Amino acid sequence: MKAQIRTSRGKRPWGWFYGQSIFFYVKRGELFWYHQYGIQALHGRVAYISFRPHASKLVAILDVIDQNRALVDGPCSGMRRQAMPFKCMQLTDFVLKFPHSANQKYVRAAWEKEKINTKWKATRWTKKIEGRERKAKMTNFDQYKVMKAKKMRNRIIKQEGRKRKRIKKERQLLTFSQIY
Numbered sequence: 001m002k003a004q005i006r007t008s009r010g011k012r013p014w015g016w017f018y019g020q021s022i023f024f025y026v027k028r029g030e031l032f033w034y035h036q037y038g039i040q041a042l043h044g045r046v047a048y049i050s051f052r053p054h055a056s057k058l059v060a061i062l063d064v065i066d067q068n069r070a071l072v073d074g075p076c077s078g079m080r081r082q083a084m085p086f087k088c089m090q091l092t093d094f095v096l097k098f099p100h101s102a103n104q105k106y107v108r109a110a111w112e113k114e115k116i117n118t119k120w121k122a123t124r125w126t127k128k129i130e131g132r133e134r135k136a137k138m139t140n141f142d143q144y145k146v147m148k149a150k151k152m153r154n155r156i157i158k159q160e161g162r163k164r165k166r167i168k169k170e171r172q173l174l175t176f177s178q179i180y
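Under the UniProt record's numbering, the sequence shown has 117 at position 117, and the numbering climbs by one with no breaks.
Be a bit skeptical, because a hint or two may be false.
[Claimed, not checked] With a cut-off of at most 16 angstroms between alpha-carbon atoms, the simulated EDC-like pairs for lysine to aspartate or glutamate come out as follows:
(1) LYS87 <-> ASP66
(2) LYS57 <-> GLU130
(3) LYS57 <-> GLU133
(4) LYS97 <-> ASP63
(5) LYS115 <-> ASP93
(6) LYS119 <-> ASP93
(7) LYS97 <-> GLU112
(8) LYS121 <-> ASP93
(9) LYS97 <-> GLU114
(10) LYS121 <-> GLU133
For the record, the hints were derived by calculation from the structure and aren't laboratory data. Quick caveat, the model's predicted, so the values are computed rather than measured.
Work out the full structure: start from the sequences and follow the hints.
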């Protein structure tokens, strides 16, 4: 997965990854990355590890090594400082403020000051992940109970819809007969 580098009107190099919507450019000698939703991958950005051995952990990007990797550290998720490819990471909206390539002590202090763990647990993203995990742990009997509950819910919704449709039709007939 190589990146193509082009120049935009001769000002600064920019490019993209094939198969991913991550864009990058160089500004004042520093490499910046943009995710598909316009999120910059710069030092201080918190990222979610989506696969590999450290899956489902939060890390802070300390430095962008090159177009494929970043130096990351997970002070509160039990992950050591290491190089991690961008394809393993999903960037979040959270940004920490600490010096460039800071010690773990400073990263942990910034992490706790911003209360990243509580903010992360409050996001819809986390709730969706927990729901997937809960669904994966279900037994056959649990799946059966969920199926029956959905059938009951859909039956009630369908009955209410029929009632409302019938009432609406009767009202239309009444108004039509009152006009003529």
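We went through each hint and held it up to the structure:
Taking the CA atoms of LYS87 and ASP66, the gap is near 13 angstroms; set against the 16 angstroms cutoff, the hint holds. At most 16 angstroms may separate the alpha-carbon atoms for a hinted pair to count; LYS57 and GLU130 meet this at roughly 13 angstroms. For the given pair, LYS57 sits about 14 angstroms from GLU133 by alpha-carbon distance, which is consistent with the 16 angstroms threshold. For the hint linking LYS97 to ASP63, the alpha-carbon distance of about 13 angstroms falls within 16 angstroms, and the restraint holds.
About 13 angstroms separates the Cα atoms of LYS115 and ASP93, which keeps this hinted pair within 16 angstroms; it holds. For a cut-off of 16 angstroms, the pair hint linking LYS119 to ASP93 stands: about 10 angstroms separates their Cα positions. For a cut-off of 16 angstroms, the pair hint linking LYS97 to GLU112 stands: about 11 angstroms separates their Cα positions. With a CA separation close to 13 angstroms, the supplied pair LYS121 and ASP93 stays within the 16 angstroms bound.
At roughly 9 angstroms between alpha-carbon atoms, LYS97 and GLU114 fall within 16 angstroms of each other, so this suggested pair holds. Simply put, LYS121 and GLU133 have alpha-carbon atoms about 15 angstroms apart, close enough for the 16 angstroms limit, and the pair holds.
Checked against the numbered hints given earlier, the structure satisfies every one of them.
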